[in-house]
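Asks: As a plain string of letters, each chain reads:
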Amino acid sequence: GAVVSQHPSRVICKSGTSVKIECRSLDFQATTMFWYRQFPKQSLMLMATSNEGSKATYEQGVEKDKFLINHASLTLSTLTVTSAHPEDSSFYICSAPRQGNEKLFFGSGTQLSVL
Amino acid sequence: ILNVEQSPQSLHVQEGDSTNFTCSFPSSNFYALHWYRWETAKSPEALFVMTLNGDEKKKGRISATLNTKEGYSYLYIKGSQPEDSATYLCAFITTGANNLFFGTGTRLTVIP
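Chains as they are written, first to last, in our numbering: chain A, 1 to 115; chain B, 1 to 112.
Next comes chain A alone, as it looks inside the complex (with noise of 0.2 Å):
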């Protein structure tokens, strides 16, 4: 099956760094990739949509300068969380859709923890 690649799984950072989480699709393009956000207890969430080649979409209440996305090629999305603080400390997963498959597939998502 199609895969998707992300790192790191688990970083702790200060608060005040820039933390890059990247998505990487192994074995097909994903001209779309999805950041969703989980908060313990709580479901996934989405915050934003990559395009490749475009500027990313972003759900209300989801700062764009602060959640900066890159989808500069068909197989590599990221998100940057810049000046991260502590309210920011949660589960970040990426989802693609495969063209011709209604399924999404994911990575295994990052746990950010900021100090």
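Source of the hints: derived by calculation from the structure; they are not laboratory data.
Accuracy of the hints is not assured; some may be wrong.
[Stated by the list, open to error] FRET-style restraints, in silico, Cβ to Cβ:
#1 B:E56 <-> A:V3: 47 to 53 Å
#2 B:N3 <-> A:K55: 27 to 33 Å
#3 A:V3 <-> B:K58: 21 to 27 Å
#4 A:Q99 <-> B:K58: 23 to 29 Å
#5 A:L76 <-> B:P8: 35 to 41 Å
#6 B:L52 <-> A:I12: 45 to 51 Å
#7 B:Q14 <-> A:E52: 46 to 52 Å
#8 B:G79 <-> A:A72: 24 to 30 Å
#9 B:P112 <-> A:K41: 42 to 48 Å
#10 A:E63 <-> B:Y76: 39 to 45 Å
#11 B:P112 <-> A:Q111: 24 to 30 Å
[As the list claims (entries may be wrong)] In silico DSSO-like pairs for lysine-lysine, Cα to Cα no more than 30 Å straight-line:
#12 B:K57 <-> B:K42
#13 A:K103 <-> B:K42
#14 B:K57 <-> A:K41
#15 A:K41 <-> A:K14
#16 B:K42 <-> A:K66
Just so it is clear, CB atoms sit at the ideal spot from N, CA and C, and this is done for glycine as well.
Following the hints, position chain B against chain A.
Replies: For chain B alone, coordinates are given in the frame of chain A:
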């Protein structure tokens, strides 16, 4: 934000028992309902994509039904095995949207 509810939140069953859980979603503007299995430290894996009212899909010991008029889907596991232990997520898409609204999941633990 659309409300997708799953119940129960968690479930413990003995190996060999059959079990089922529920996903409730808004019945208007239905497009599709997804089920995913999410094992700890792994990626969520798609089980089923269901689009038609009355749909019933099966994959091995796991099956799912869909009622779009009343807004619910059931997931059934027959003869549960320890390897079935995972969180089962359902997600809903409305017409005109391209993103999924997820429930909080049902965490299943199968006791050997």
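Asks: Report the numbers of all earlier hints that the structure fails to satisfy, in ascending order.
Replies: When the structure is compared with the hints, numbers 1, 8 and 9 turn out to be violated.
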